[in-house]
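Chemist: Spelled out, the chains give:
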Amino acid sequence: MKIYDVVPGFEFDEEVDLEKSPAWFLDATHSVPPWTPMFGWFWINFCRHGMQYGAEKLSLPTVKGWDWRFKDGGGYLTLNLVMDEAERKEREVKFREAIRPFIEDYDKLWGDYVDEMLGHYARLKACDVDSASNTELLANFEDVINVCRRMWEIHMHMMYGVDTAFILFENVCKDTLGIDDTHPTFHDLLRGYDNKVFEVDRELWKLSKKAEEMGVADIILNSSSGNALAALKDNEAGKKWLEDLQVLLDEDGWRMQRMAEINLPTWLEDPTPAVASVKFFLKQGGDFNLDTERGGLVKRREEATKEVLEKVPEDQQGWFKMLLGLAQKTGTFSEEHNHYLDLYTHALMRRSCVAIGKRLVGAGVIDDPEDTFFLMPDEIRAVALVPDGSNLRHIVERRRKEWEGWCSKENPPAILKEGFTMDDAMGVLVQSNDPIALKVVVGAMPVPKPELNADLYGICGSGGVTEGPARVIMEESQLDEVQKGDILVAASTAPSWTPVFGLLNGVVVDRGASLSHSAIVSREYGIPCVINVFEGTAKIKTGQRIKVDGDNGVVYIMDK
Amino acid sequence: MMSGTNPKYYIWLNQIGGLRIRQEEYGMVSQFKYILWFEECSKSALPLVGGKNANLGEMVNAGIRVPPGFAVTSEAFQQYMDEAMLWDRVRDTLSDVSADDIKEISKAGSSIRQAILSAPIPDEIQEEIIAAYTSLCEKCDMTDLPVAVRSSATAEDLEDASFAGQQDTYLWIWGNDEVVKATHECWASLFTDRAIIYRMRVGFPQDGVLISVGIQKMVNSRSAGVMFTLDPVTGDRSKITIDANWGFGESIVQGMVSPDNFIIDKNSLSIKQSIIGQKDKKFVAKGCGTIVEPVPPEEQVIPCISVAEVTEIAKMGMRIEKHYGSPQDIEWAIDADLPFPENTFSTQSRPVTAAGKSDFGGDVSKEEGKGDTDHIIDLMLMGFSR
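Each protein sequence line maps, in turn, to chains A and P.
Letter 352 of the first sequence, counting from 1, is numbered 364 in the working numbering, and no numbers are missing.
Letter 2 of the second sequence, counting from 1, is numbered 814 in the working numbering, and no numbers are missing.
Note that these hints are calculated values from the structure, not bench results.
Quantities reported herein were computed from a predicted structural model and do not represent experimental measurements.
One should not assume that every hint holds.
Here are the simulated EDC-like cross-link-like pairs (lysine to aspartate or glutamate), alpha carbons at most 20 Å apart as the crow flies [unchecked claim]:
hint : chain 1 : residue 1 : chain 2 : residue 2
1    : A       : 323       : P       : 1179
2    : A       : 421       : P       : 908
3    : A       : 429       : A       : 414
4    : P       : 1134      : P       : 1077
5    : A       : 106       : P       : 1048
6    : P       : 1182      : A       : 327
7    : P       : 1182      : A       : 104
8    : P       : 915       : A       : 522
9    : A       : 323       : P       : 1048
10   : A       : 222       : A       : 299
11   : A       : 323       : P       : 1043
12   : A       : 341       : A       : 522
13   : A       : 69        : P       : 1077
14   : A       : 496       : A       : 224
15   : P       : 1134      : P       : 1124
16   : P       : 1178      : A       : 326
17   : A       : 32        : A       : 96
18   : A       : 186       : P       : 1190
Looking at chain A on its own, in the form it has when it is part of the complex:
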């Protein structure tokens, strides 16, 4: 049998694909480290589909979404530009109608989508994977595939609409009020809102209070995050506390540790990250920071809104307020969608793959339930109903070896046709006016301010000035090291890092944009954050005293 080591149909083919487009960019945010083959199959098929669906549904005038290819575990993307002027005009006409729901009733649009997805999730979860028949289990797997496809449709329809609105708001603020997206007033306008991610954090904070009441706080505080679970299980009160945690996880534990991969356990399977979050709240003590901060932030938002509206003439206030309202919602969307869309769907993808994996192990087809991550859906289909007598070990072994090879080297940031330079490629990106590309790929570049004589120049993610010891964190497992008052220095941050922000005095990240996680969460916690310093994790060492000037977007290393 011929075995493909790549996503069938979407393998990067230099000869053909560079003819289609001269520039393909690596999605380094999601596909570094490289994807397992099964996850890559899901992403390449359906993220690609979702982007094209979203761009078509909105009839974006300049771009028809992105095309994707799979190469050595990396996702490579290019833009489908609208080249024909007449076609563009036609698309503009349709765009007028298609974008309307975002402006007129955003809450209904997003609310309906969330309800739809929760319905899909409820149906998927209703399948008891341990007792289901092989037929039911395969049906669940096929359902997961369809749900994933639908999730990406919703994801990208929303994201294209939301980013279009956000970019417009940024430009209006810059052109008419002289404040850009790194200006503290701009941040004040948009912050002080609750969202689903913060709600979960608040529940975890409540659990930390409960741990204190039940006398198990010390167990959590004194054990490393890896051992905390075992220590809790050894203790009567600890067991009771874990039951309370389970109630929360049943509702909100459908999330992954890694944003775009399924090869690490969900919170439900392994609550270690949840317990680690509780530990942060215990270390920090006191009230739930976000609630303490919120009152002040809401007040500042109202003041900033008033200040800005004073500059908007009476007859222009109607649309301006509408656009401001939309921008405020879209700030929340960029945090919240991770919870309802990607992370939830991925958790159910993992559940289905592992459940089938267990059956296949039982039937002697593979050795480990997670070996399914090295199979393709068609291979699952080939054995899922009647596994008897089949053996897929040779496929798993070969692909795992292939995958280990991908992981041992770095994928190039772009694949370009001969004679085509990176600046040409960036030109194409800009020309597309693709709202997601503009927000994600072409971020604002720092401007050096020699008069400040700083050590690192970035841009303002969140205003304010602070000083403290640096804590360089390269991966999530190190988060346990964070102490109260630290300034976090990282390449970037992810939703599961949010609780740790309560301990921090400031944040410095190598990459980011005004809508990236680190900036949004810093603003909600009211701590200074400098993004896009590029060399923060290279130049700053843990323990060094640093000063973060969020307002000016610069960082000083005090003891060099």
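With chain A's structure known, arrange chain P on it following the hints.
Modeler: Same frame as chain A, now just chain P:
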């Protein structure tokens, strides 16, 4: 109108088709091969003279006076790099260096800069720089005229954003040899460690960048100050306000004295209000910089600019506002070396920010009778067709 996208990428776009750029292609016939006077620089010459010089040229052509000067074009740099075979050196030195290896980059950068500084500038180019500088000196009626020598990148940035380079600026340079030397150093600054790292990170080729150099008269400031093309207190756009003191403008920017203050009506160009301040200190040029000096008592309480000068400055403010399409915060100076009105310069201008009261931009305003949603959609479509 919309300025959402990073402008530097537009420049990259302009460069498709290779980096070899010749004056003729831009329809320019200059007396020199490698030099363009600011008045010969325009936006279309950007690849040749870089963002800063092109911007200065554009201002001059819009009737806004800036201290006189010229650009040493990127063609000169290209010619020099080719002749000295320095591109190979750049490629060889950086071929195996990774963006993460700061130490190696630092070593490579310093070796490239060393190589550039030790390769002599071709006679033809040196002669042109000296000839242009000499004619600038003659224009200002002064030998060894002090100038500012600045790099003006053609690819990586626009006027203000030399993140990539932090390419150098040399102030108070005078004399043929010194001007040539500062130009040479500007060229080398294209390969500072930071610039190299930046290009690696964004995937910009190390051998695909060009640089132009701007050489501009240092203002010998008799009087200077700040002007707003609106009344910053009331937001009234029919007025211009000017603050002025003797010497260089730093004293105003730093709020060191109570300056002379004038309010001018834009329509009639008449002075509506003048308050003469007690100007006891001023900045004056000394060596390679400025120092604070006391103002003689008899000069402290007399206006530091004449009525004709006030009017000339106000007219310039209106031209700048019109050119940029929004109220401006302008630094100006009156030069002691040139005759009136050629001595009235704008040294810097920026849009009035949210801190000052500014008018809501007309470009995005909704017409009467149009629906709010429709207006937002119109603006979105304008954004797409940028």
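Chemist: Evaluate each hint against the coordinates.
Modeler: Taking the hints in turn, this is what the structure says about them:
The hinted pair formed by residue 323(A) and residue 1179(P) meets the criterion: a straight-line CA distance of about 18 Å does not exceed 20 Å. Between residue 421(A) and residue 908(P), the direct Cα distance comes to roughly 16 Å. Compliance with the 20 Å bound is thereby established for this hinted pair. At most 20 Å may separate the alpha-carbon atoms for a hinted pair to count; residue 429(A) and residue 414(A) exceed this at roughly 26 Å. A C-alpha spacing of about 16 Å is found between residue 1134(P) and residue 1077(P), which places the hinted pair at or below 20 Å, so the restraint holds.
Distance restraint check for residue 106(A) and residue 1048(P): the Cα-Cα separation of roughly 42 Å exceeds the 20 Å cut-off, and the hinted pair is therefore not satisfied. Under the criterion of a C-alpha separation no larger than 20 Å, the hint pairing residue 1182(P) with residue 327(A) is consistent with the structure, at around 11 Å. Of the pairs offered as hints, the one joining residue 1182(P) and residue 104(A) holds, with about 18 Å between alpha carbons and a cut-off of 20 Å not exceeded. Proximity of residue 915(P) to residue 522(A) is assessed by CA-CA distance (about 19 Å); at most 20 Å being required, the pair is judged to hold.
Among the hinted pairs, residue 323(A) with residue 1048(P) is consistent with the structure: their alpha-carbon atoms are about 13 Å apart, no more than 20 Å. At most 20 Å may separate the alpha-carbon atoms for a hinted pair to count; residue 222(A) and residue 299(A) meet this at roughly 13 Å. Taking the CA atoms of residue 323(A) and residue 1043(P), the gap is about 15 Å. The hint holds against a cut of 20 Å. For the proposed pair residue 341(A) and residue 522(A), the alpha carbon gap of about 26 Å is over 20 Å, so the pair is violated.
Straight-line distance between C-alpha atoms of residue 69(A) and residue 1077(P) comes to about 53 Å, which puts the hinted pair past the 20 Å bound. A threshold of 20 Å between alpha carbons decides the hint, and for residue 496(A) with residue 224(A) the separation of about 18 Å falls inside it, so the pair holds. Between residue 1134(P) and residue 1124(P), the direct Cα distance comes to roughly 15 Å. Compliance with the 20 Å bound is thereby established for this hinted pair. Simply put, residue 1178(P) and residue 326(A) have alpha-carbon atoms about 11 Å apart, close enough for the 20 Å limit, and the pair holds.
Of the pairs offered as hints, the one joining residue 32(A) and residue 96(A) holds, with about 16 Å between alpha carbons and a cut-off of 20 Å not exceeded. Simply put, residue 186(A) and residue 1190(P) have alpha-carbon atoms about 18 Å apart, close enough for the 20 Å limit, and the pair holds.
In the structure shown, a violation is registered for the earlier hints numbered 3, 5, 12 and 13, in ascending order.
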